[in-house]
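There are 2 protein chains.
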Amino acid sequence: MLYLLWHQNPDTDAICAPLAWSAYLTDQGIANTPIRLGDINNETRFVLDYANITEPKLQTTLNPGSSLVLLDHNDEAQSIPNRDIYTISWLIDHHALGKCTTNAPLMIRVEPVWCTCTVIHQIFTERNYTPSKQIAILMISAILSDTLFFRSPTTTHADRDAVTALNTIAHIPNLEEYAIKMFDAKSQLDGLSPDQIITTDYKIFSMGTKKIAIWVIETTNPRFALNKKKELLTAMAERKVNDGVDAIFIHIIDILTETNTTLVLGKEEEQAIQAIYGAHTQDHLANLGDKISRKKQLVPACEKYFAR
Amino acid sequence: MLYLLWHQNPDTDAICAPLAWSAYLTDQGIANTPIRLGDINNETRFVLDYANITEPKLQTTLNPGSSLVLLDHNDEAQSIPNRDIYTISWLIDHHALGKCTTNAPLMIRVEPVWCTCTVIHQIFTERNYTPSKQIAILMISAILSDTLFFRSPTTTHADRDAVTALNTIAHIPNLEEYAIKMFDAKSQLDGLSPDQIITTDYKIFSMGTKKIAIWVIETTNPRFALNKKKELLTAMAERKVNDGVDAIFIHIIDILTETNTTLVLGKEEEQAIQAIYGAHTQDHLANLGDKISRKKQLVPACEKYFAR
Chain A
1 MLYLLWHQNP DTDAICAPLA WSAYLTDQGI ANTPIRLGDI NNETRFVLDY
51 ANITEPKLQT TLNPGSSLVL LDHNDEAQSI PNRDIYTISW LIDHHALGKC
101 TTNAPLMIRV EPVWCTCTVI HQIFTERNYT PSKQIAILMI SAILSDTLFF
151 RSPTTTHADR DAVTALNTIA HIPNLEEYAI KMFDAKSQLD GLSPDQIITT
201 DYKIFSMGTK KIAIWVIETT NPRFALNKKK ELLTAMAERK VNDGVDAIFI
251 HIIDILTETN TTLVLGKEEE QAIQAIYGAH TQDHLANLGD KISRKKQLVP
301 ACEKYFAR
Chain B
309 MLYLLWHQNP DTDAICAPLA WSAYLTDQGI ANTPIRLGDI NNETRFVLDY
359 ANITEPKLQT TLNPGSSLVL LDHNDEAQSI PNRDIYTISW LIDHHALGKC
409 TTNAPLMIRV EPVWCTCTVI HQIFTERNYT PSKQIAILMI SAILSDTLFF
459 RSPTTTHADR DAVTALNTIA HIPNLEEYAI KMFDAKSQLD GLSPDQIITT
509 DYKIFSMGTK KIAIWVIETT NPRFALNKKK ELLTAMAERK VNDGVDAIFI
559 HIIDILTETN TTLVLGKEEE QAIQAIYGAH TQDHLANLGD KISRKKQLVP
609 ACEKYFAR
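Those protein sequence lines, which keep their order, are chains A and B. Quick note on numbering: this note's numbering labels position 192 of the first sequence as 192, and the sequence is numbered without any gaps. Quick note on numbering: this note's numbering labels position 187 of the second sequence as 495, and the sequence is numbered without any gaps.
Bound-form chain A, shown alone (with noise of 0.2 Å):
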């Protein structure tokens, strides 16, 4: 059996690639099961109501030699846990390449386009493949999502290329509509606890011999997440013992204005965000202007600092 994985903390292109790509599989005869590896966030849920897909099964443990297929991640640090006794067959992303050696060639397709779902449809288009209306809502979605309808710097043509091909099958009325609901479904923080909140796009990366824990809340309303700063500070610093990581940040994303407001845990912290950014925090919280972007911005910059 082939799984097809995304990352511990899904967004929502890291669900509905998987699920793209295993509908295609399916449809060549190819067995394959997506499996989720993390809670699935409020966007994605209105995504999938929409879609009106049910989300996929939490899974974590699978037998060892089990084929993979990494979806939207490749470091082995947001992956499944022992990676190493699986086999990878496939690797489709957009990041950057981090810790993700293999025992054995595989299908590897990276593009530095803003959405593993923008790769996904470049594959489709090559292969005289149609996706079902489901899927192509799914992967507009993820595209809208991933490029904050196309409000990322550097969004491709690939990008929006690829939504504008996507909808003659989806048949969205409204795009900009539709994403807004979209954020708005983000930004509803209540009833989640601070973990909760934090993990919906929690992320560790290698950075030389560190690991940093980076995660982003992307939001049309920063209030509901700054309202909880006492709440997600001791989250953060549970966080920062629990899983081992020599730093951590939460970046507040206001998506309408694009500004970042980040939340600094302590001096470790503190001491990197005035190196990396040249940014003075006050009562932890350090305003990082127009880095909006986890992929192109923040984890370059504190690779720079912290693989040194």
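By construction, these hints were calculated from the structure, which means they are not laboratory data. Remember, predicted model here, so these are calculated numbers, not experimental data. A couple of the hints might just be wrong.
Estimated spans, in silico, between C-beta atoms of each pair [claimed, not checked]:
| hint | chain 1 | residue 1 | chain 2 | residue 2 | range |
| --- | --- | --- | --- | --- | --- |
| 1 | B | MET415 | A | ILE30 | 22 to 32 Å |
| 2 | B | THR362 | A | ASN82 | 29 to 39 Å |
| 3 | B | LEU483 | A | PRO173 | 55 to 65 Å |
| 4 | A | GLY266 | B | ASP469 | 53 to 63 Å |
| 5 | B | MET415 | A | ARG151 | 16 to 26 Å |
| 6 | B | ALA583 | A | LEU285 | 54 to 64 Å |
| 7 | B | ASP469 | A | LYS57 | 30 to 40 Å |
| 8 | B | ASN360 | A | THR259 | 51 to 61 Å |
| 9 | B | ASP551 | A | ILE30 | 39 to 49 Å |
| 10 | B | GLY597 | A | ILE30 | 30 to 40 Å |
| 11 | B | LYS538 | A | ASN242 | 10 to 20 Å |
| 12 | B | MET415 | A | ARG160 | 11 to 21 Å |
| 13 | B | ALA615 | A | ARG160 | 41 to 51 Å |
Cut-off 20 Å, straight-line C-alpha distance, at most; resulting in silico cross-link-like pairs (SDA-like, lysine to any residue) [as the list claims (entries may be wrong)]:
| hint | chain 1 | residue 1 | chain 2 | residue 2 |
| --- | --- | --- | --- | --- |
| 14 | A | LYS304 | B | ILE393 |
| 15 | A | LYS295 | B | SER397 |
| 16 | A | LYS229 | A | VAL241 |
| 17 | A | LYS304 | B | PRO372 |
| 18 | A | LYS99 | B | PRO372 |
| 19 | B | LYS407 | A | ILE85 |
| 20 | B | LYS407 | A | THR101 |
| 21 | B | LYS604 | B | SER514 |
| 22 | B | LYS489 | B | THR565 |
| 23 | B | LYS441 | B | ASP469 |
| 24 | A | LYS229 | A | GLY266 |
| 25 | B | LYS518 | A | THR101 |
| 26 | A | LYS296 | B | SER397 |
| 27 | B | LYS612 | B | GLY586 |
| 28 | B | LYS407 | A | ASN82 |
| 29 | B | LYS612 | A | THR87 |
| 30 | B | LYS518 | A | ALA104 |
| 31 | A | LYS295 | B | THR410 |
Heads up, the beta-carbon is just placed ideally off N, CA and C, and yes, glycines get one too.
Could you slot chain B onto chain A? The hints should help.
Below, chain B alone, put in the same frame as chain A:
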């Protein structure tokens, strides 16, 4: 400027793949310079002569920040020295993923086929690009070389199909005859020093915390190499010290009988050969039978032993 690189000890695929990709980029109006990191072997010289193409420039340092296209390799131990001061923009390969982290997202095409030129042929086909006759000759030569004229275990349909398609452009009259001429050229070891023989296809692999040198002499006449056993053992001992590797092997592959006779340097290598392949060593020689593929058989087997 975009620099197209192959690994330090280039075989025919490693030279032809960058030349093919360079011609494609040039036709797209993208300035690029293919450079080689090591000496060209006699087989590749025969191929370049047949296609009437001059050999690329030897160059092992570039301006920091230069953009790289990696072809036919990904592990940093096989690549340009100090690779982390450059930017990797593209990776086209058919090997397992080794130590290959990047600071930013990039374009990656890796497929579990037998030759980098097969991957390139697939990209050309997807993009409706027809290579010139000269480039088609290079690409066919690379595939014939890597697959030992389709003799290697698990040569894929994609490799065969690529040769068939490319020969409608290259018009090589008799492919088998052409392949044998290539292999004969490679088997000519006269006039080469032991170190030159070794470096014709020398690769260092990172396995766990260890560095293992595995090189392969593919020949239609193993006697050429076996007659130089003493000199080769001396050259191996020097390489082991100078390159700081933990173990070192020369596999002499008889292309016609598809058998592997291995030169075993010392006690460490002897123990490893016994443990990995169950093979007994006598007078520095071990018979590894039909283990003739470095990529599919030798490296994965060593990896299991050394990366414990």
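Hint by hint, here is what the structure shows:
no. : hint                            : verdict
1   : B:MET415 / A:ILE30: 22 to 32 Å  : 25 Å, holds
2   : B:THR362 / A:ASN82: 29 to 39 Å  : 51 Å, violated
3   : B:LEU483 / A:PRO173: 55 to 65 Å : 57 Å, holds
4   : A:GLY266 / B:ASP469: 53 to 63 Å : 59 Å, holds
5   : B:MET415 / A:ARG151: 16 to 26 Å : 24 Å, holds
6   : B:ALA583 / A:LEU285: 54 to 64 Å : 57 Å, holds
7   : B:ASP469 / A:LYS57: 30 to 40 Å  : 38 Å, holds
8   : B:ASN360 / A:THR259: 51 to 61 Å : 59 Å, holds
9   : B:ASP551 / A:ILE30: 39 to 49 Å  : 43 Å, holds
10  : B:GLY597 / A:ILE30: 30 to 40 Å  : 34 Å, holds
11  : B:LYS538 / A:ASN242: 10 to 20 Å : 59 Å, violated
12  : B:MET415 / A:ARG160: 11 to 21 Å : 18 Å, holds
13  : B:ALA615 / A:ARG160: 41 to 51 Å : 43 Å, holds
14  : A:LYS304 / B:ILE393             : 12 Å, holds
15  : A:LYS295 / B:SER397             : 16 Å, holds
16  : A:LYS229 / A:VAL241             : 19 Å, holds
17  : A:LYS304 / B:PRO372             : 15 Å, holds
18  : A:LYS99 / B:PRO372              : 23 Å, violated
19  : B:LYS407 / A:ILE85              : 18 Å, holds
20  : B:LYS407 / A:THR101             : 6 Å, holds
21  : B:LYS604 / B:SER514             : 16 Å, holds
22  : B:LYS489 / B:THR565             : 17 Å, holds
23  : B:LYS441 / B:ASP469             : 17 Å, holds
24  : A:LYS229 / A:GLY266             : 14 Å, holds
25  : B:LYS518 / A:THR101             : 14 Å, holds
26  : A:LYS296 / B:SER397             : 14 Å, holds
27  : B:LYS612 / B:GLY586             : 14 Å, holds
28  : B:LYS407 / A:ASN82              : 18 Å, holds
29  : B:LYS612 / A:THR87              : 13 Å, holds
30  : B:LYS518 / A:ALA104             : 18 Å, holds
31  : A:LYS295 / B:THR410             : 12 Å, holds
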